[in-house]
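Student: This is what each chain is made of:
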Amino acid sequence: MFERHEFQVRTERNGVLNITEKVVEKINDSEIKNGFCLVFSRHTTAGIIVNENEKGLVEDMESFLEKLAPEDKKYMHNRGPDKNGHAHLRNILTGSGQTLPVEKGSLVSGTWQNIFLVEGDSPRTRNIDVYLIGEK
Amino acid sequence: MFERHEFQVRTERNGVLNITEKVVEKINDSEIKNGFCLVFSRHTTAGIIVNENEKGLVEDMESFLEKLAPEDKKYMHNRGPDKNGHAHLRNILTGSGQTLPVEKGSLVSGTWQNIFLVEGDSPRTRNIDVYLIGEK
Amino acid sequence: MFERHEFQVRTERNGVLNITEKVVEKINDSEIKNGFCLVFSRHTTAGIIVNENEKGLVEDMESFLEKLAPEDKKYMHNRGPDKNGHAHLRNILTGSGQTLPVEKGSLVSGTWQNIFLVEGDSPRTRNIDVYLIGEK
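Protein chains in written order, with the numbering used here: chain F, 1 to 136; chain E, 1001 to 1136; chain G, 2001 to 2136.
Only chain F is shown next, with the shape it has when bound in the complex:
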């Protein structure tokens, strides 16, 4: 079986935004009980990661990405209309999607694992897809 679900996130700032609840909702709505779930961003300036949802850590993650790919650096890409070179580079680090296990109708995740959208080019309305493949 294969299913596609989708939700939207309105991002008001660049950073690491928790989307776990919305992903879990889609998995819980699914008829697929055992299989793989692909949380996928169709954007090249917004990626998906799995990490802990702790306030200080979210700040650390944002500083980390800013340090590795600073927003105000001169990028060749920024000669064009879009000033978002930093966001594209951060997507190399995060990836566009994460594959996660689903078992007995639920997302399998460790105690501290949350799913985050890493927004690099806000404000935007982001489409997040949740694909499931597996068995009833």
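Because the hints were derived from the structure by calculation, they are not lab data. Honestly, I wouldn't trust all of these hints.
[To be verified] Now the stretches of chain E that chain F is said to cover, found in silico as 3 or more residues with beta-carbon under 8 Å:
no. : stretch
1   : 1056–1063
2   : 1094–1102
[Stated by the list, open to error] Below 30 Å or equal to it, Euclidean Cα-Cα: the simulated BS3-like pairs (lysine-lysine) are:
no. : chain 1 : residue 1 : chain 2 : residue 2
3   : F       : Lys104    : E       : Lys1104
4   : F       : Lys136    : G       : Lys2136
5   : F       : Lys83     : G       : Lys2067
6   : F       : Lys104    : F       : Lys33
7   : G       : Lys2074   : F       : Lys73
8   : F       : Lys33     : E       : Lys1104
9   : F       : Lys136    : G       : Lys2033
10  : F       : Lys67     : G       : Lys2073
11  : G       : Lys2067   : E       : Lys1073
12  : F       : Lys73     : G       : Lys2067
13  : G       : Lys2033   : G       : Lys2136
14  : E       : Lys1022   : E       : Lys1055
15  : E       : Lys1055   : F       : Lys83
16  : E       : Lys1136   : F       : Lys136
17  : F       : Lys22     : E       : Lys1104
18  : G       : Lys2022   : F       : Lys33
19  : E       : Lys1067   : G       : Lys2073
20  : E       : Lys1083   : G       : Lys2067
21  : F       : Lys67     : E       : Lys1083
22  : G       : Lys2067   : F       : Lys55
23  : F       : Lys67     : E       : Lys1055
24  : E       : Lys1074   : F       : Lys74
25  : G       : Lys2022   : G       : Lys2104
26  : F       : Lys74     : E       : Lys1067
27  : F       : Lys136    : G       : Lys2104
28  : G       : Lys2083   : E       : Lys1067
29  : G       : Lys2136   : E       : Lys1033
30  : F       : Lys33     : E       : Lys1136
This structure is a prediction, so every number in the text was calculated from the model and none was measured. Quick reminder that beta carbons are idealized off the backbone N, C-alpha and C, glycines included.
Using the hints, position chains E and G against chain F.
Tutor: Okay, now just chains E and G, sitting in the frame of chain F:
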């Protein structure tokens, strides 16, 4: 259903090389209409990423990888015959493969999403595998 | 078909630890002959990568992660009881899991590809899950 496809890329230089067209061709040839596609490099010095195919950005991505893992730095690995430590480290960042959704017989991807081979140890002939799993 | 396997790794130090043999054992035990395998860490301070198992390179990979996210840096997250901010940041780079192809009952991997647990918060007992989806 499960399918394996494969194609080769001759790389003449290190960098970020667009392979989208070849991946799409394999997906279009496939009998699998809905499912997951794994674009996979069987190499530890060449990874796979998803990003925008814009000339300036490609240069930015190459500079970014060179800055994080410089080619001429002294690596322990380079004591041996292979002088490609930088390429192995870049593979940590990019990953060896990317899982992408397939729906109604086509790759699902955003307007700007392209698939790139990140070559770190050219010139080489690289084998890129495209695995599909799903339903007709 | 869907299967879940699991094994444990006792980590005595932070670093890049080869788990290929244990993953291969689970794949070989599986009834699934063709499909996808997800090697997944349910931990936010230990990730999974694919790379070459060469002694010097393992040291290079460890130095690389230490340089990008140093263990003794001041992290907001470290105000709390856990002094593992560096390990969380390394997980952004490595990812929590890797999806790999399985064909004819075996892991498909290049000559040099091994699977590693990247431990950032040892000593711990880590649960590594191996999920398989595919056909007999």
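Student: With reference to the structure, classify each hint as holding or not holding.
Tutor: How the hints compare with the structure:
{"no.": "1", "hint": "1056–1063", "in the structure": "holds (count 5)"}
{"no.": "2", "hint": "1094–1102", "in the structure": "holds (count 6)"}
{"no.": "3", "hint": "Lys104(F) <-> Lys1104(E)", "in the structure": "holds (27 Å)"}
{"no.": "4", "hint": "Lys136(F) <-> Lys2136(G)", "in the structure": "holds (17 Å)"}
{"no.": "5", "hint": "Lys83(F) <-> Lys2067(G)", "in the structure": "holds (28 Å)"}
{"no.": "6", "hint": "Lys104(F) <-> Lys33(F)", "in the structure": "holds (5 Å)"}
{"no.": "7", "hint": "Lys2074(G) <-> Lys73(F)", "in the structure": "holds (24 Å)"}
{"no.": "8", "hint": "Lys33(F) <-> Lys1104(E)", "in the structure": "holds (22 Å)"}
{"no.": "9", "hint": "Lys136(F) <-> Lys2033(G)", "in the structure": "holds (20 Å)"}
{"no.": "10", "hint": "Lys67(F) <-> Lys2073(G)", "in the structure": "holds (13 Å)"}
{"no.": "11", "hint": "Lys2067(G) <-> Lys1073(E)", "in the structure": "holds (13 Å)"}
{"no.": "12", "hint": "Lys73(F) <-> Lys2067(G)", "in the structure": "holds (21 Å)"}
{"no.": "13", "hint": "Lys2033(G) <-> Lys2136(G)", "in the structure": "holds (5 Å)"}
{"no.": "14", "hint": "Lys1022(E) <-> Lys1055(E)", "in the structure": "holds (19 Å)"}
{"no.": "15", "hint": "Lys1055(E) <-> Lys83(F)", "in the structure": "holds (15 Å)"}
{"no.": "16", "hint": "Lys1136(E) <-> Lys136(F)", "in the structure": "holds (17 Å)"}
{"no.": "17", "hint": "Lys22(F) <-> Lys1104(E)", "in the structure": "holds (25 Å)"}
{"no.": "18", "hint": "Lys2022(G) <-> Lys33(F)", "in the structure": "holds (26 Å)"}
{"no.": "19", "hint": "Lys1067(E) <-> Lys2073(G)", "in the structure": "holds (21 Å)"}
{"no.": "20", "hint": "Lys1083(E) <-> Lys2067(G)", "in the structure": "holds (20 Å)"}
{"no.": "21", "hint": "Lys67(F) <-> Lys1083(E)", "in the structure": "holds (28 Å)"}
{"no.": "22", "hint": "Lys2067(G) <-> Lys55(F)", "in the structure": "holds (24 Å)"}
{"no.": "23", "hint": "Lys67(F) <-> Lys1055(E)", "in the structure": "holds (24 Å)"}
{"no.": "24", "hint": "Lys1074(E) <-> Lys74(F)", "in the structure": "holds (28 Å)"}
{"no.": "25", "hint": "Lys2022(G) <-> Lys2104(G)", "in the structure": "holds (18 Å)"}
{"no.": "26", "hint": "Lys74(F) <-> Lys1067(E)", "in the structure": "holds (14 Å)"}
{"no.": "27", "hint": "Lys136(F) <-> Lys2104(G)", "in the structure": "holds (25 Å)"}
{"no.": "28", "hint": "Lys2083(G) <-> Lys1067(E)", "in the structure": "holds (28 Å)"}
{"no.": "29", "hint": "Lys2136(G) <-> Lys1033(E)", "in the structure": "holds (20 Å)"}
{"no.": "30", "hint": "Lys33(F) <-> Lys1136(E)", "in the structure": "holds (20 Å)"}
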